[in-house]
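Protein chains in written order, with this note's numbering: chain R, 27 to 366; chain H, 27 to 366; chain P, 27 to 366; chain X, 27 to 366.
Careful, some of the hints might be misleading.
Each pair may be met inside one copy or between any two copies, as identical chains are not told apart.
As the list claims (entries may be wrong) - Within a straight-line C-alpha distance of at most 35 Å, the following computed DSBU-like cross-link-like pairs (lysine-lysine) qualify:
id, residue 1, residue 2
1, 189, 113
2, 218, 276
3, 292, 304
4, 191, 113
5, 292, 218
6, 304, 362
I should point out that these hints are in silico values taken from the structure, not numbers from a laboratory.
So you can see what is in the structure, the chains are spelled out below.
Number of protein chains: 4
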Amino acid sequence: MNFSSDNVTPICPEILAAIAAESDRAALPYGADGQSQMLDSAFSELFGTDVCVVPVATGTAANLIGLSGLVSPFGGVVCHHHAHINKTESTGVAFYGGGAKLLGIDGPSAKLEAATLDQFLASHSPNGMHSVDPECVAITQTTEFGTLYSVDEVHAIGGVCQKHKMRLFMDGARFANAVAALDCHPADITWKAGVDVLSFGATKNGALAVDAIILFDPELRRHTEKSRKRGGHLFSKHRYLAAQLLAYLKDDLWLRNARHANNAAKALQQSLEALGAKAAFPPEGNELFIHMNDDLAGSLRDAGIVFRPWASIGPDAYRFVCAWNSPIDLISDLPKAISG
Amino acid sequence: MNFSSDNVTPICPEILAAIAAESDRAALPYGADGQSQMLDSAFSELFGTDVCVVPVATGTAANLIGLSGLVSPFGGVVCHHHAHINKTESTGVAFYGGGAKLLGIDGPSAKLEAATLDQFLASHSPNGMHSVDPECVAITQTTEFGTLYSVDEVHAIGGVCQKHKMRLFMDGARFANAVAALDCHPADITWKAGVDVLSFGATKNGALAVDAIILFDPELRRHTEKSRKRGGHLFSKHRYLAAQLLAYLKDDLWLRNARHANNAAKALQQSLEALGAKAAFPPEGNELFIHMNDDLAGSLRDAGIVFRPWASIGPDAYRFVCAWNSPIDLISDLPKAISG
Amino acid sequence: MNFSSDNVTPICPEILAAIAAESDRAALPYGADGQSQMLDSAFSELFGTDVCVVPVATGTAANLIGLSGLVSPFGGVVCHHHAHINKTESTGVAFYGGGAKLLGIDGPSAKLEAATLDQFLASHSPNGMHSVDPECVAITQTTEFGTLYSVDEVHAIGGVCQKHKMRLFMDGARFANAVAALDCHPADITWKAGVDVLSFGATKNGALAVDAIILFDPELRRHTEKSRKRGGHLFSKHRYLAAQLLAYLKDDLWLRNARHANNAAKALQQSLEALGAKAAFPPEGNELFIHMNDDLAGSLRDAGIVFRPWASIGPDAYRFVCAWNSPIDLISDLPKAISG
Amino acid sequence: MNFSSDNVTPICPEILAAIAAESDRAALPYGADGQSQMLDSAFSELFGTDVCVVPVATGTAANLIGLSGLVSPFGGVVCHHHAHINKTESTGVAFYGGGAKLLGIDGPSAKLEAATLDQFLASHSPNGMHSVDPECVAITQTTEFGTLYSVDEVHAIGGVCQKHKMRLFMDGARFANAVAALDCHPADITWKAGVDVLSFGATKNGALAVDAIILFDPELRRHTEKSRKRGGHLFSKHRYLAAQLLAYLKDDLWLRNARHANNAAKALQQSLEALGAKAAFPPEGNELFIHMNDDLAGSLRDAGIVFRPWASIGPDAYRFVCAWNSPIDLISDLPKAISG
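Take the sequences, apply the hints, and build the full model.
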């Protein structure tokens, strides 16, 4: 069993079928095809409000291009120190943002807290031309430590952003896992809470390669589409991005996949804790960060279980990521298999 | 029949099968999987020299990222006025090149001529800090007008580049069509002629979405890979790029597809000229640029033939692009079908 | 006599006195001092409309920063092929413009013609996301070949810009020479003709180092000031920029200096034509481009006259630039001195 | 008395005289004049090694352009959180560095400590393409809190940089105050300690507007000069930058001015502490950060003393900056004047 990341998984059958179904017809390029033209309405229905959809092939591209419309070349993006955009996306935010700067702050379990954010923004004394003034806040849902902002917490952050005239971006590489875990409407943790732009991840949750930039502010469309083209992210065979996304939404595949992954993570927590491990945070989505001793880690490895150490949480900490295809039965049987 | 572009075609069966074959196993992300690890050797064998391969999902990304290692932020890229990088890739060259400037020059049928290039580079009087000095030359093979550089012509341009200490880039979005048409070894029109970096297109010739940046100078690997990641083009499920490319090379699929497309274009020329049209250039690859009167254009449209006007060649000029799946029989029957 | 450029001249006495007069008092930095605070009103009075003034120390900075507010990172700046911003300012426009591209077109004596511009903008077929669409037009007054746009010509260009929704920028490194030559109100060739931003040169016309970005659209102030700071162009001892500019305006020093230089250029034309040279264009400002044979060029050099060959006009062409301190008497005596 | 900054001071007489002395002759532009040509040798003599000198008009430009040659667009610059480049130069480092990122760390009194730096660099786990890897370390001498790196401390930091293959940059906006305070040879705290590039400030210490980028690695010249031109910082009347710098070096004016300012700061500390204030740090250069109660602050303001609150040190903290022209007698008499 491979828990090293959700990106080690293959395409799920429904999405592969959707790709294959494209293989006997011609279609206009660059988003002019029929399926691409359906994206705005499909996602507008999903979110219960008018949205613009700009699909790209990677989560990093979705974040960088999605953010680029929310911050000027002279401005700052406030995020958690552990944010993916701050730690794992090279100098991409400055690249797509024309120099825009990341301003990292702290918070428990990789979450920004509304009060801390409020204080940071209030105490940030702009000195005219000289400083980098915050223009945008970015949060990740679920977070880089597998934790979750509740509906109230997202609204609280949205309120602080409104108070300080900040735009709000959500990195939703694992947005499906968040909605599944919260059992809420997708609107509840996005536009209703003040989110301007969401990167809506599909790649980690069963797609081949597609994450959709969801613009809740239609004014952002032109900049976002121009930025996508200039970055080399406008697909000629754009229908293959659309086909993946439409299959992902159909019959709630996105939520079904995410629920499965979340359940697998919970089962894995139980199994590993039965073996003596201790979760660093309760696994709220599909990621489990857990402390365990060397013996247990060795036994798991001997049993062919793949996972990664996670030094930023502790020397004895590890990350396990479940996915749409994680074998829950085998996971539940782990205590027996290992200790037996 | 849709001749509006080769990007309206679906994935060819062999490549779809290769994607589907990935669907039952886990694989390491970001290029660490087994198939991705085979790319360097597969392409090194193809080209008969050691190359580094950096795959991305679009031809524009391949051009922009591939070029970015060949020019400084203060330098110029000499290309034909009609080059795709100059006309159709937004401000991408300056974006990935940190400000690098395109210097467009003229030449017949979208081709740079060695003598013209030599003269331009010789007469370009650098005025120290003030001007943008050429650092790189970029050619497209086959060109934006469907024409072809012969092996000798590429070598002549490579010689001029060497003389003036220019790097040489080749936009090979339709490289397969060029090799098929010239019936040469891929080395003959690339590294043996002085090409430093090639964008090796697959998307237009049967793939879902993959073009490979081929680095003939291994020193360029680090910059190119960093530039790819920063641009958001590093796939997590990188194996799907690799699987497409390996299937594309296997049993010369890339050349078989290209030969088919080239033959279709020749058949199309014959059919349309039989109907009174006149090719603007002999179709050397899979693109046909042709003059015809309104009546013929109307008849073709009435028959369900899709194609595009091409104003930069003339008011009565049109582009037809053939592909790996163009129906040669139907094409040959066109005169009968239209005039019948 | 040194005619190689107007930038070989020293500071004129009035401006040196203004700098020296600052030397016994403290003053707030970064533009908060009293003299800096007077700039907006002084220039508003000069132009007969409300303007914002953003001074910098070089003409290139004035052009690059002034332009940066008029074009997006995806857009184009239409200018003459010979424009200073296109030929002599490195990759600065793309740098400050986040990738913005220069689109050079032709015209006689380094001038854009309204009809040509109209045609270019009309025939520029935007292809959606792919191309670089013009967003701004830039003209130089007086031009790089020492010629002049008449009041009507500037208005005609402004009209074309309005028609095509282009912003209009004027490189006024030698704006004073233009106003002196046209004997017009500065408003007549700027905001009344649709100019959005002007770089108002002083360095070449007697200052130590100051060119002012004049914003006729106050909405541009924030971007322009942010861009100036980020580029490292915000002076701490800003009062020294202000002192130069206020002295430059006082008692029409800027026009007196320019008239002198223009007159010197006319006298120089007469003297050199008396010696057998032939002006390439009538010298409308302070620059003289002239054809002459090797013998005459040699005789002038032997007499200690300094000037530069100008290959872009012809193999026998030379540039002579007069300035606020050119010795008109000696210039008039040249025929006698040389042939005598 | 105005202690709000050293940039509120006028030009010192020697430098004004040098500017005035330029006023009766022509000189080649862009650094080709005689005085500019003397800069390399003058500074090479000063530093006891071959250096290249690239003068610009502002300290921010010197930092941004000087740094730009030491870091790639994908790399990081490690500096103190309070560094001027991190707090007070907008997004300039990313701008000139093509996206390069600032990585702020902590340390007492705005100083980086070698051990902390070593630990940061050692524990920074590069994750391949994804993270921003440090490439350069930047320190400020004297620091943003008026403190000083000893000769040994600079060498210790240089050693850590060498160990981790980092380039080393020194922001020397107040370098003269540091050399004066340490009474060392300028080489001792620069190239002998491993500094690659120094911004050598003159503006705050008596000049009109000039800070020199000193390159101890001659390989950096081309990039630095290209970067300067592209940023609009190459002066046409470059001799005025050179004249200021040569006058600044002549007869150790730079050290004499700095010693005066340092002595004034010490006298000011004594006077204010006699009045009940308490220095936050011992004033090692020309800046004094001091705690005092509202009564004392009010009395000083009533007496016409100008100074600034400094919240980042504390709610009762203030900054006083002395300069080349600070009246030491009046400063020493302050206790009597205020309390009398």
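Outcome of the hint check:
1. 189 with 113: Result: close both inside a copy and across copies, 28 Å intra and 24 Å inter.
2. 218 with 276: within (23 Å within a copy, 51 Å between copies)
3. 292 with 304: within (13 Å within a copy, 58 Å between copies)
4. 191 with 113: Classified as both; 26 Å inside a copy, 21 Å across copies.
5. 292 with 218: within (29 Å within a copy, 58 Å between copies)
6. 304 with 362: within (18 Å within a copy, 68 Å between copies)
Violated hints are absent here; each numbered hint is respected by the structure.
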